[in-house]
Structures are given as structure tokens and as C-alpha cells.
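Engineer: Single-letter residue listing:
There are 2 protein chains.
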Amino acid sequence: MAQKLTKRAEDYSKWYNELVVRADLAENSAVRGSMVIKPYGFAIWERMQGELDRMFKETGHENAYFPLFIPKSFFSKEASHVEGFAKECAVVTHYRLKNDEEGKGVVVDPEARLEEELIVRPTSETIIWDTYRNWVQSYRDLPLKINQWANVVRWEMRTRLFLRTAEFLWQEGHTAHATEKEAVEEAETMLKVYAEFVENFMAIPVVQGVKTASERFAGAVETYCIEAMMQDGKALQAGTSHFLGQNFAKAFDVKYASKEGKEEYVWATSWGVSTRLMGALVMTHSDDQGLVLPPNLAPYQVVIVPIYRGEEQLEQISAKVADLQKALRSKGIRVKYDNRDTHKPGWKFAEYELKGVPMRIAIGPRDLENNTVELARRDTLSKEVVAMDGIADLIQSRLEDIQSNLLKKANDFRAEHSYTADDYEDFKAKIEAGGFVYAHWDGTAETEEKIKGETKATIRCIPLDQKEESGKCIYSGKPSSGRVIFAKAY
Amino acid sequence: MAQKLTKRAEDYSKWYNELVVRADLAENSAVRGSMVIKPYGFAIWERMQGELDRMFKETGHENAYFPLFIPKSFFSKEASHVEGFAKECAVVTHYRLKNDEEGKGVVVDPEARLEEELIVRPTSETIIWDTYRNWVQSYRDLPLKINQWANVVRWEMRTRLFLRTAEFLWQEGHTAHATEKEAVEEAETMLKVYAEFVENFMAIPVVQGVKTASERFAGAVETYCIEAMMQDGKALQAGTSHFLGQNFAKAFDVKYASKEGKEEYVWATSWGVSTRLMGALVMTHSDDQGLVLPPNLAPYQVVIVPIYRGEEQLEQISAKVADLQKALRSKGIRVKYDNRDTHKPGWKFAEYELKGVPMRIAIGPRDLENNTVELARRDTLSKEVVAMDGIADLIQSRLEDIQSNLLKKANDFRAEHSYTADDYEDFKAKIEAGGFVYAHWDGTAETEEKIKGETKATIRCIPLDQKEESGKCIYSGKPSSGRVIFAKAY
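Chains as they are written, first to last, in numbering that gives the first Met the number 0: chain A, 0 to 489; chain B, 0 to 489.
These aren't lab readings, by the way, just hints derived from the structure by calculation. Just so we're clear, the structure is a prediction, and the values are computed from it rather than from any experiment. Please note: incorrect hints may appear among the correct ones.
For identical chains, the list gives no copy identity; a pair is met inside one copy or between any two copies.
[What the hints assert, rightly or not] List of simulated lysine to aspartate or glutamate pairs, EDC-like, C-alpha gap at most 16 Å: (1) Lys-335 x Glu-352; (2) Lys-3 x Glu-26; (3) Lys-97 x Glu-116; (4) Lys-86 x Glu-110; (5) Lys-335 x Glu-368; (6) Lys-76 x Asp-99; (7) Lys-407 x Glu-50; (8) Lys-455 x Glu-431; (9) Lys-455 x Asp-231; (10) Lys-103 x Glu-82; (11) Lys-97 x Glu-87; (12) Lys-56 x Glu-115; (13) Lys-451 x Glu-424; (14) Lys-487 x Glu-431; (15) Lys-86 x Asp-99; (16) Lys-330 x Asp-464; (17) Lys-76 x Asp-252; (18) Lys-13 x Glu-57.
Isolated chain A (complex conformation) (with noise of 0.2 Å):
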């Protein structure tokens, strides 16, 4: 533990990237934009992606895998998507190298140029639909529910760690459909997923909702979305699902013949979610000592350090743990038991506590003596001396109170940097401070556009559950039917 990590108070911004780096979850790479996972950082996404696995199957989703090269021409095909993504992308546009003449390394052999230049794929409705259009010819193929675990690149110019990267890690559904009802339905249902997920599973509170016209996905007719509020009260998108109508199947002929024989247009969902999720789970829970996980997520939950002078003290204490170790594991509690003679057990508790882990147990001669432990928990740094018996079960119910715990307060942190603004001085004073602020809005992209440009708000999304309330634009002063969610955004 060479130095504190910078407050979040001090620089919320410097404290995020340090963490994530000393925490050992990613780090820039020699590459511009993309970064390393590291293998505990990896050890998380893999609890991410099996528990979404798992949730997608079971609402009927199978995996496949499409090239992450899409023909350049097929961006052209849908108009508003190439508007979207095909600018700031990589290009491949030669096929081989070849030794230079003057034995300066390698160079691009101009004679294999592509015919056709390929771009790496930053999302694949593209490519994904020129596929189905071979896979859909009656409504006996339809619907077609396929997800796909995949990397994709963006050419950002600013990048951060998890947040914005040029390369990530993703998944993405994409599903077929015979009529517009069932689309939106797949649409919906996967937010719900998505939800669930960010909420149990990653103790992170969101709020469901569509975005504005301006903030949909390129090609699509609805963007659903669940935005999450960060620690520094800006907001953060951490899935969408959209329903693209039948704008893919226009651009790629995708068509089904229904039961009555008529030749129909299949309608379009797609919907993701990305290794952007770690970056939310980061700046939501962690503090000021470092990583805070929520136990569902934890590589192990539980790390034991032995406090011991000598072999013999160690052998005592690794006895006990031995038993321990067992009993929590049978109730399917993840355990690492650190016996390492390389480091102080200051040390070590400086590392985990680092490192986000939920429950740390010491153990020392005086605990043997009396058949205890001391058993600190990392949300609240909170230490208790308990007795050994029944010690499996106490854990278990520790690590349940964890997990709620952590929602509870992203859930009251959200809740206490939540208002509402009814004219655009508090509206802007309120945003400043950082925070969701519920406003009415005249419904147009020129006033959101003019919002954006004077206080860097968006509106993040129409909430699902927006209450019917007359009111008045806070920029405009036209009549409004109910208030959006304005706030900074990552």
C-alpha cells in the first residue's frame, strides 16, 4: 500500500481512475483507447455475464456469434444508422504486410489493398440482419431471439476506463419478430431484465424509461432505458433496449410469409449492455479506502488473514480455518484463505479492503483461545468479535445484509439528490449541484437542444412511470403533460 488514494471530495474524477487501476481491475494499454482487464477486474464481468446468461435463456435467448468485419456498404443501407455509427470507427483496409526494403520492421504491402474496406464492427443490426434475411421465411422461423457476447469498437477521442473505451466488451440481443406487438413486448421485457439485474444483482438503483427523439439509437423507433445516478449525482446510462420497428428488414429485405401467405416485414428489437457496467458498479458503491462489491458480484466474498507469530501459531490457526473454510463453502460462499508469509496482515487488510472484498475474518492467538474471530465488514467498516459457533450462518446472513445495505443507500443517496425545478434559475442551480432534476418540458429537440448548450444537461429518459401533472416547459413556458429527468450524463 505505497500511498492513499486521492478523495472523492478532492477530485472525484482522478479518485475513479486510481481506483480502478489499484483496485487491479483494468488498465490502459499500449493501444490508444482500449484497455487491459485485468483478471480480477475479469472475475466480476464473468459474474455479470453468467448471471445475464442465465437470465437471458431462461426468457428464451440463444447465443450466437456474427464476424466482427461488416462490409462497409452495409452501413449505407439503413440511413440514420450510418449517421450514427459508421463515422468514428476502425477501418481495415489491407490484408497483409510485408518486410520493408529498407529493414525498418514490417510494412502495409500496398498490393493488398481490400477491394471493399470492412469496418470493425461497433454494433451488428448491420451485419445481423443481412444473416436473418437467409433465416426468415415464414412465421414458423419467427421470432428469432439470438444474443451475442461480443467485443466492439468505437473511435472515442476521450476515453476512461470502462466508461468510453474505443474497445469493449458487450452483449447484444437481436430479435425478429411477425408483428409490431411482439417487438415492443421483447423490447420491454429486456429492460425489465436489465433491471432486475442492475438492481439485485449489482445493488445499483435505476429508472426505467424511453428516450427523447434526439437520444435514440440510431435506427431505432423507441429506446428503452435504465439510467443509474453516480456518486457525484451525475447520471449514468447502464442499458437500452430498443425497438427498431421495421427499419432493418426494410434496409435488408427481411421478410416472412404469414399464416394467411401474405409477404410481410419482420419488426426489429435490439439491446445491450457492456462492460460500461463496471464503471457504474465502481462509482456508485466504492469510497474513499477504495472497491466496495456488492457480495453477489465478489470474486470471494470472504477473505480470512491469519495473525500469527511463528509455524506453530500458523499451523493452529490454518487448522481452524480449514473448518471454516469448509463450512462456508458448503452454503456456496465464495472463500479465500490468505496465508501468504510475504505480506504484514496490515498489509493484507489494506489490499482487500482495496479491493472491494465484502467480509474480511481475522483470526489470532487470542481468537483460538476463545473460539472467535473478528469479522469486519467492508460497507460499513463496521468490526465485530463473534464466536465460532454457528459462524457459516452468521456470515451468510452478514453478506444478505451487505447486499441490501448497498442498495439501500444508492437508493437514499439517490432519493436525497433527486428534486424537482419549476422555473430555469432553480433548474439550473440544481443541476450545477449534481443531481436528477424532474422538470416539465414543451416536448421539442430545439428547447432540449438549448438546455444541453446552457447547462450541459440531456434529458435522460421519459420515466415509465411519469405521473400525469400540467405544468409548463421550465425553458420554453408551453404547456407540458409531465416532467422528464434532466441531468449531466457520462
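Once you've looked at the hints, dock chain B against the given chain A.
Structural biologist: Same frame as chain A, but now just chain B:
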């Protein structure tokens, strides 16, 4: 079932291509050389991944993720590596498209040229060892045992689904060790993990061996491999594990301070298997009726097809099937009930035969009367009528029998097509007929090259269990101390 598959005896290669597509494993995409892995094929790959991932973790490895793109200059750092990999590859030269001024869609923006081109990873040694430099300072940081599941790209001119595609999925393990001995042991351990997986899980027997110098991985000191025999007698390299010596540590300057405080270069291994295994799976077990899947890999191991007239009969059958499914699932057997009314039983039988489902259960009105079902095994195509009582146990034992029968069949096939040859004429005839030919070789790359030129046979490996035996090289007549395996290969 439109038309029958091409028979293996007629055109083995055509049979393979048709089978992969018609069994819904994969298909060619719009991107030259890249395939789409379809849901059924991907479900098999997921089972492989799951099992391998478990084995990797049990042997102390962690997963991580490294960038897709590798700066071009990295490839020049390890001299033999660049020769082997950097030539036929996808090169990213630009990071932006723009609207064509003549309105013809989008074109590459010449302003957005990268200063240094990026290579889409063909394998990740270079970027990973560049990263390891910062991860390794002292002996305490070793060993590093990391695996990555990823997509890689090698620009192949002639591609075949699963066997050779421009983009493919794989895992690549990359480990760093303090000593040569430990690194060699790691490479050997992972070879054994692969052999165990391929034999016990995929039911494919393999020969474990080492490659000759000319067949080694570019940058390796020793390449271990497992070689399998396909039904046309050709060899398929099913996995490799490389001892890389200190080549990459030196190229990327990765040193550690030993316990004694000395600076030393780190020792390395890398090892991988890919979606190529899917090709091996198809070509080892399948027959003229279609795919044959080992129960351990089958997405569903048992399919139940009702044979009925009218709703009432279907209801009676479905009630029975519900109990049967429950009984099978309680034993962990993956079962699917296909009660679609859009297809006839005969169509379904052919479909599941084509898709290689290990066991089919048919149940009709007479079965209801007699409390029986008809079982059909995919491996032997045999049928039997059995009593419902105790059927879950019976099916479980049948599935185990199918798994071991497939391995035995493949073992017998390999034994029947493994030969020794002691003179060159005999050797050529046997190579031409197809199979593994155990023969003496003088140990020179020159002879190896000439034999390859004249017969298309390569040395698949020097078997790890090679017997000491004096003989004469079949080509040069020079002395040899043991036989190596020659074969034509995929």
C-alpha cells in the same frame, strides 16, 4: 428434409461442408472467410468452453482480456514471430468514414489516417508480454497464469467452415514463470488438460507429441501438440501448447528480481484451442445421415417426439412426457420435447438425426397402452421398445454407453488406419491411402521438406511415448532412433 446429404464415400469434403450448414452449426457470411456460428453450433461450443474453462481454473488459471488491436511495431520485436504471423493479417489504417461528396454512401476519410497501423490480433503474445512487463517485478509476482477467450483474425486465402476461417474464436493461455523447469511443466500440464478434454469430453482419441522444428509455433522453443485422425485418414491438430523459453521476455524486456535479488528474464508458455475443434468433432463421429454428437457435448441429449392423431391423444402423451422430462432432468439429462404441430414425426426424426441428438424417444398411442416408449440411438441407429418403469436410469446408462462407444469407435478407426512403413515406396502408398504412418526419419528439416513436397505428408509429431528403436530414415537411409508420425493434414 429437402434432399439427402452427399455421402462421405462420394465426396468427403462436400459431405463436411453440407453437414455443417444443414445441421445448423455454421454458415458462410457476407464477409469473405468469416463465418456465422449459428445457435445450435454455438451451444456446442459453449459446452466446450464451459468444460475447458473449469479445467483451466482448476489448474490455477484466471481469465483476463487484452486489446483486439496490436501496434504494428510490436510484431517486429520477436524475429521469428513476425515471420509467422504478421504477414497475412487484417490491418486497420484509418479511424473515420465520411459522406461521399458525390453522394455514394460513405468513404474512408483520408484525413483520419493512423500514425501507426494497428493489426487485428492473430495471436496475443506481443501485446500480452508488453503488458506483463509492468506486472512482473519480483519473484513474488510469479507465476502469472492467465487465459483469454477471444476472437482472432488470420487472413486465410482458402477458408472452410470451422477448419480454417479468417476470424475464429479461441482461448489463448499466456503464462510467465521464474524458472525454465516450471514453464516446461506448465506447457506439458496444459497439453494433458487438452488431451483429457478432447478424449473424455469430445470422445476423440489423440496422440500427444512435439512438433519438429519446422512445424513449431513462430517464437516457440518447443511446441507440444495433440493430433487426431479424421474419418478420411487425415490428421487434424486439435490443440497446441508452447514452451516459449525467454524469447518474448527478451523481446519485451520482462525481468524479475529473484529471491537472491538477481535480475532474470521470465520464462513463458502459451497454449490454445479454437473453434477448429468443432470441425474435428464433426469429422470424427458423423456419418452419412448427419452429425453424431457425444452426449457430453450435445445441447440436448434426448429429444422426445410424440406420435399422435388429434388433440386428445397429444394431451395424453404430453402428460406422460411431462413426468418423463422431470425424471430425466432430475438426473441432469438435457431433454427437449418437440410437440410442434407444424411438422410430421418422420420429418422430426430425420431432423434430429441430422443434428446428431444422441437419443430419440418416440411415444405413440400403443406406447400409452403398453406403458412403453421407443428408444433410438443416434450412434448405432438401433431402436428398442422399452418399459417406462425405470426408464430414466436406462437412458442415463445408454448415454454413458454412447459416449464411450464413440470414443471406442474412433479409437478402433485410428488403430485400423495407423501403419508402420520401412521403405519409401510402401510409405508413399500408405500415405496415399490415408492414415498415420509411423516411420523413421533422419531428423533433418531438409528430408522433412522433401517428403512433404513429394507426398504432401508432414510430420504430425514426435510422439511423447515414442519407443526407442534403431532404424533407417525412409527417405535418406540415415540412422534414426525412433519413429515419428507422418500424415496428410487439415
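Engineer: It remains to establish, for every hint, whether it holds in the given structure.
Structural biologist: Tested hints:
1. Lys-335 x Glu-352: within (14 Å within a copy, 47 Å between copies)
2. Lys-3 x Glu-26: Result: close neither inside a copy nor across copies, 18 Å intra and 54 Å inter.
3. Lys-97 x Glu-116: Result: close only across copies, 13 Å inter versus 19 Å intra.
4. Lys-86 x Glu-110: Between copies only: 13 Å across chains, 26 Å inside a chain, cut-off 16 Å.
5. Lys-335 x Glu-368: Result: close neither inside a copy nor across copies, 23 Å intra and 57 Å inter.
6. Lys-76 x Asp-99: Cα proximity of Lys-76 and Asp-99: across copies only (14 Å, versus 39 Å in one copy).
7. Lys-407 x Glu-50: neither (21 Å within a copy, 38 Å between copies)
8. Lys-455 x Glu-431: Answer is within; shortest intra-copy Cα gap is 9 Å, inter-copy 73 Å.
9. Lys-455 x Asp-231: within (15 Å within a copy, 66 Å between copies)
10. Lys-103 x Glu-82: between (39 Å within a copy, 14 Å between copies)
11. Lys-97 x Glu-87: between (28 Å within a copy, 9 Å between copies)
12. Lys-56 x Glu-115: neither (37 Å within a copy, 42 Å between copies)
13. Lys-451 x Glu-424: within (14 Å within a copy, 82 Å between copies)
14. Lys-487 x Glu-431: within (9 Å within a copy, 71 Å between copies)
15. Lys-86 x Asp-99: between (31 Å within a copy, 12 Å between copies)
16. Lys-330 x Asp-464: Answer is neither; intra-copy 39 Å and inter-copy 44 Å both fail.
17. Lys-76 x Asp-252: within (10 Å within a copy, 48 Å between copies)
18. Lys-13 x Glu-57: neither (40 Å within a copy, 37 Å between copies)
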